[in-house]
Amino acid sequence: MFRHPDISGILRIILSEVSAEPYGNTESGDIQQLIRKITTSLKNKRYLIVIDDLWNIESWKIIRCAFSRSITGSRIITTTRINEVAESCCFPHVHRVYKLRPLHFVDSKRLFLKRIFGLEECPSHLTEVCCNILAKCDGLPLATIAISSLLATKAPTEDQWNQVEKSIGYALERNEDVNGMIRILSLSYFDLPHNLRTCLLYLCTFPEDYIIHKKRLVRRWIAEGFIHEEHGHTLYELGQRCFNELINRSLIEPRYIGKFGEVKSCRVHDTILDFIRSKSIEENFVTLLGIPNVPIDRQKKVRRLSLLVNTEEYYSSLEENNIKYVLDKKEDDSNEQEDNSNGFHILKKLNLCNARLLTIFPHSVKVPSLLQFRRLRVLDFEGCEQLENHHLANIENLLHLKYLSIKDTIVNVLPTQITRLRCLQTLNVDVRGAINIPTHIYRLRQLTYLLVDMRCQLPDKIGNMQALQELKVVNVLAQSLNTLQGLGKLTNLRKLSIFMPGHHADAAERYKGHMKAMISSICKLGRDNLHCLTIHISSVSADDFIQEPWCPPPLSLQELVINQAPMSRVPRWIGSLVNLQRLGLYLKELSQEDVSTLGGLPALLSLILYVEEVITEEGGRLRISSSYGFPSLERIRIGGESCRLELTFEIGCLPKLQQLNLECMVAEENHTSSSNVVFGIEHLSRLTTIYCCIHYKYETRLAKVAMLAALERSIISHPNQPTFTKEEYGDFVDESC
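Everything in the sequence shown is counted per this note's numbering, starting at 4 for the first residue and increasing by one.
These are computed hints drawn from the structure, not numbers from a lab. All residues carry an ideal CB built from backbone N, CA and C; glycine is no exception. Heads up, some of the hints might be wrong.
To be verified - Distance condition first, Cα-Cα at most 16 Å in a straight line; then the derived EDC-like pairs of lysine to aspartate or glutamate:
#, residue 1, residue 2
1, K157, D194
2, K303, E285
3, K515, E551
4, K102, E123
5, K64, E30
6, K700, E653
7, K700, E637
8, K519, E562
9, K218, E233
10, K304, E285
11, K352, E385
12, K475, E562
13, K492, E473
14, K282, E385
15, K102, D55
16, K515, D546
17, K492, E512
18, K267, E240
19, K707, E649
To be verified - Label pairs and their computed distance ranges (CB to CB):
#, residue 1, residue 2, range
20, Q469, S688, 34 to 40 Å
21, Q661, S372, 50 to 56 Å
22, T494, T156, 35 to 41 Å
23, N251, A23, 32 to 38 Å
24, R425, C134, 58 to 64 Å
25, I60, A23, 28 to 34 Å
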């Protein structure tokens, strides 16, 4: 939760979580109505709910109204840094407050060493200095992780470790009042290369507890000029490297992990966010409007402006606390007084002519005129609820603009003048409804990332946009044949996402022509730089698009995902993709022949097979043998909630497999005949992790118990002792709850 929470937004999140209703559908209703909806959703249910990071009692008093007392044995856990808030949450049972203590020295040492060496043993020559460093970390987990992440980047020598240990002590001697965490964060911060330091500071342009998507962040870094070219790599690849380095140093926390194990988004810990905010203000790196007690100095030029939140308390605090910025006391007309209530009056007083960034978040101030911003490089309106078509007036004057996003807004017309922005690299117009794209958008010759809604019609001359590296989502049937053929000319395109609707009998010829044109363009791109292809199939009737012979196959592909509707089988052309590393398929049926096709892919590292049914001869088991044994595969996810899955791993197969993820339905009603979901786990010599998700009905609950017991016996006997996680979903109501 935020320190200054939007209670309505938090209740909407809770309602979405407990009712499985999409967040966007929870907008209607005031706080009382949201509370009633949550209460109704939880009625007669047993639940465990965690409310993380409460900051004040008032918020808790409102939120707790949504959780009525019941006899189902439900539990609510809250976390807070404030003792009074903790006691209020437990009142009258204040003895239930659990106070976290610093880590015991043994646990600190274990955490410290595993982060550096991957083991819990310390080299003998580092034992003494290791103990000294841990003593200064004082049992704080974040401090321990920060210092160990720093040391992981250095040579494991006594001299290097002594330098770090003395640096912590030196900071303490210089200022005894400096908080221990800030002291340690300063050490990690100043150890960063200059470009990484800048990338880290940039994170304070986002609100507290905000989930920051990697792609959005990296594209903004590129537009700001933080990522420098390096031969053999794209700027996006280099930006990803910086992102991963900040994660490796534990300066940002990974949040959402993608289907192939890659980090998709991150969050900044509150303590680190406070630190980089203070550094940003100190260096005049960014001006933050909307954070209580953060100073605004109107004498300084605004280099980057982030409008975070709109609260009356914030704007009134500028007057009450006299924080560097003092509102004019002159008599204003009624319009100016109205502007002042939402922060617009403050914007008028700032020197914005040199601002490089303007980003506005939901519930923020009134959208300012773009005439105030002449040198913008980044204009980010993503999720800005108050943005309307007229706010984009005069956008053609932003001649330096490199990044523009109106994603998740209600804008439905893009000004034709946008084609004058010749420096534009990223254009994200994936809005909530349909949007008209100017026909001359192909004149944006530097555009690298074009992200549109699937209802969007692209220009016929899209083949002229030679700088494009990423394009999504292209609705095949919404485009002209000229557009589809033009896609094949985008020789620098590395990532493409398309949507293939099902066909109707009365438009069969048109469908066939578009299908062949799209396949032809993909195959051409597959001779050049196309690395990632995502295909969304709307219905089974679009399966023929996938099953067509793709000739020549797109050999440059490294990632292929085909989802949304099931395919009848694995397309044979996939077996020719010798460079494919990541593959995700949704299949109606999986046969032994399909396994043979996929098992021969020499470079495949990650495989996801969502399967409705496994087809084997005479009801036998699906076998993975050494003859087509996935020579490079490290991660596999196989099965589905309605799939009866029985696998056998033979000797010599999957020699590099580390993670095994299984999902299946228990279909056998007689538990005495139920067999293990997998045989031959002992043949997977590098296995470290097993996850199993089992769906069952009331009449198959005993078979489920037998299946899990057999699986656990196989895991226990494995020499690697792999980590085992299981989830069980019963398709019935347990009357005992």
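Right, here's what the structure says about each hint:
no.: 1; hint: K157 with D194; result: 10 Å, holds
no.: 2; hint: K303 with E285; result: 12 Å, holds
no.: 3; hint: K515 with E551; result: 11 Å, holds
no.: 4; hint: K102 with E123; result: 27 Å, violated
no.: 5; hint: K64 with E30; result: 22 Å, violated
no.: 6; hint: K700 with E653; result: 31 Å, violated
no.: 7; hint: K700 with E637; result: 32 Å, violated
no.: 8; hint: K519 with E562; result: 22 Å, violated
no.: 9; hint: K218 with E233; result: 19 Å, violated
no.: 10; hint: K304 with E285; result: 13 Å, holds
no.: 11; hint: K352 with E385; result: 25 Å, violated
no.: 12; hint: K475 with E562; result: 15 Å, holds
no.: 13; hint: K492 with E473; result: 14 Å, holds
no.: 14; hint: K282 with E385; result: 26 Å, violated
no.: 15; hint: K102 with D55; result: 15 Å, holds
no.: 16; hint: K515 with D546; result: 12 Å, holds
no.: 17; hint: K492 with E512; result: 24 Å, violated
no.: 18; hint: K267 with E240; result: 14 Å, holds
no.: 19; hint: K707 with E649; result: 13 Å, holds
no.: 20; hint: Q469 with S688: 34 to 40 Å; result: 47 Å, violated
no.: 21; hint: Q661 with S372: 50 to 56 Å; result: 55 Å, holds
no.: 22; hint: T494 with T156: 35 to 41 Å; result: 38 Å, holds
no.: 23; hint: N251 with A23: 32 to 38 Å; result: 35 Å, holds
no.: 24; hint: R425 with C134: 58 to 64 Å; result: 60 Å, holds
no.: 25; hint: I60 with A23: 28 to 34 Å; result: 30 Å, holds
In this structure, the hints that do not hold are numbers 4, 5, 6, 7, 8, 9, 11, 14, 17 and 20, in rising order.
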